[in-house]
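2 protein chains.
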Amino acid sequence: MGAVKTKRMPRAVREQQMLDAAVEIFGRRGYMAASMDEIAELAGVSKPLVYLYLNSKDDLFTACIRREAQALVAAVRSGIGPDQSADRQLWDGLLAFFAHTGAHPLSWSVLHLQARTHGETFAAEVTAMREEIVAFVTQLIVVAAREAHRDPDLPEREVAGLAEALVGAAESLAAWANASDSVTPRQAAATLMNFAWAGLSDLMRGNAWNPPAA
Amino acid sequence: MGAVKTKRMPRAVREQQMLDAAVEIFGRRGYMAASMDEIAELAGVSKPLVYLYLNSKDDLFTACIRREAQALVAAVRSGIGPDQSADRQLWDGLLAFFAHTGAHPLSWSVLHLQARTHGETFAAEVTAMREEIVAFVTQLIVVAAREAHRDPDLPEREVAGLAEALVGAAESLAAWANASDSVTPRQAAATLMNFAWAGLSDLMRGNAWNPPAA
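Same order as they appear, the protein sequences are chains G and D. The working numbering puts the first residue of the first sequence at 41, with every later residue one more than the last. The working numbering puts the first residue of the second sequence at 41, with every later residue one more than the last.
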């Protein structure tokens with residue numbers, strides 16, 4: 041009556057399983073209420089093994105944030121064909137963003153909500169990802185301005201502000217779309233694209249909205 | 041040699057002074073690092089008096105969030121003339137928003153960052169304020185659609201999405217403007233208004249951006 045031989049698995053594979061389980065539990069329960077027992081059980085490993093591999097609840101949470109942030113950035117980047125027009129690149133990027141956040145709502149909850157609601161260290165991880173995305177969107181807008189026939193004379197600060205506005209709008213819409221049963225990634229992307237592109241497009245043509253005198 | 045007679049102050053006045061000091065310290069140091077000693081010192085009262093009036097650090101923080109959220113909503117509402125056109129109302133509201141967040145950067149830090157990075161209870165306070173602002177912006181967009189000569193056939197979900205996008209963009213821009221020395225409230229408002237109104241304006245005229253076939 042030999043003992044059932046446990047399949048030995050490479051550490052890297054086990055770690056990914058632990059992170060999968062952790063994202064689900066952190067996303068579902070919140071950081072505070074999430075228990076290492078539940079994470080270990082969902083991952084199908086012992087709790088000591090989770091501590092051996094990932095060290096602490098804090099380190100496990102940080103590893104989740106890092107992995108999920110990289111996955112989101114990779115999804116957006118790979119959704120975009122570099123030879124497309126600027127509006128097509130923006131559309132493809134938004135669609136990839138909403139498809140990813142919609143398909144992984146618990147991952148998005150970890151990044152957008154949990155990581156920002158439990159202290160500056162975790163928040164800094166998300167800020168780094170956000171800055172990467174803002175820089176990427178800024179570049180897209182600069183390219184769009186260059187494509188837009190005329191002299192691309194949007195001042196750099198204006199472009200930086202537009203990228204911040206667009207990223208903030210996308211974050212807000214992703215949380216809204218995930219909270220609703222009926223909003224598809226395509227609908228969320230179309231809402232933002234309609235809002236953003238028509239506005240940007242007018243700006244590129246020099247059709248600014250003029251504020252009343254101060 | 042009589043003791044200097046301490047001026048007696050109504051409790052309500054003292055409490056506001058404590059909240060003023062608390063917003064400054066929470067905004068500057070972050071929730072975790074903020075000390076009740078420093079708050080009491082800045083308010084010019086004893087620490088036991090702070091506890092007597094506001095009960096605990098958590099309760100003090102909650103009171104700060106509530107007061108600052110109400111002040112922000114009031115500032116935006118009072119910036120808007122109800123008889124103005126929809127684009128003028130939106131401009132006035134944005135200008136009031138960026139003027140308030142720019143004049144009170146520590147208050148905005150408490151609301152946008154601190155309140156969201158220290159647990160679900162505090163985050164819920166900010167969420168309630170945010171929902172009020174989204175509802176208000178949604179109403180503005182509905183009115184704008186009604187004003188925009190044609191049949192206001194933007195579906196309700198589209199309008200809700202646009203309001204979410206606009207509020208998310210404004211939050212993002214306020215943090216960006218406050219992090220920069222050179223962005224004025226008027227510039228931040230103009231950036232967002234250009235982005236948003238030109239886009240909304242096209243939408244109202246039925247000039248939607250058309251996504252490529254799925």
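I should point out that these hints are in silico values taken from the structure, not numbers from a laboratory. Some clues are possibly wrong.
[What the hints assert, rightly or not] DEER-style ranges, computed between Cβ atoms:
no., chain 1, residue 1, chain 2, residue 2, range
1, D, 125, G, 121, 48 to 54 Å
2, D, 99, G, 172, 48 to 54 Å
3, G, 124, D, 60, 50 to 56 Å
4, G, 226, D, 125, 31 to 37 Å
5, G, 118, D, 125, 30 to 36 Å
6, D, 118, G, 183, 26 to 32 Å
7, G, 118, D, 95, 41 to 47 Å
8, D, 81, G, 57, 36 to 42 Å
9, D, 91, G, 72, 23 to 29 Å
10, G, 176, D, 84, 44 to 50 Å
11, D, 60, G, 171, 31 to 37 Å
All C-beta atoms, glycine included, are put in the ideal place defined by N, C-alpha and C.
Hint-by-hint comparison with the structure:
{"no.": "1", "hint": "125/D to 121/G: 48 to 54 Å", "verdict": "violated, 41 Å"}
{"no.": "2", "hint": "99/D to 172/G: 48 to 54 Å", "verdict": "violated, 38 Å"}
{"no.": "3", "hint": "124/G to 60/D: 50 to 56 Å", "verdict": "holds, 52 Å"}
{"no.": "4", "hint": "226/G to 125/D: 31 to 37 Å", "verdict": "holds, 33 Å"}
{"no.": "5", "hint": "118/G to 125/D: 30 to 36 Å", "verdict": "violated, 44 Å"}
{"no.": "6", "hint": "118/D to 183/G: 26 to 32 Å", "verdict": "violated, 41 Å"}
{"no.": "7", "hint": "118/G to 95/D: 41 to 47 Å", "verdict": "violated, 51 Å"}
{"no.": "8", "hint": "81/D to 57/G: 36 to 42 Å", "verdict": "violated, 51 Å"}
{"no.": "9", "hint": "91/D to 72/G: 23 to 29 Å", "verdict": "holds, 24 Å"}
{"no.": "10", "hint": "176/G to 84/D: 44 to 50 Å", "verdict": "holds, 49 Å"}
{"no.": "11", "hint": "60/D to 171/G: 31 to 37 Å", "verdict": "holds, 33 Å"}
When held up to the earlier numbered hints, the structure conflicts with 1, 2, 5, 6, 7 and 8 and fits the remainder.
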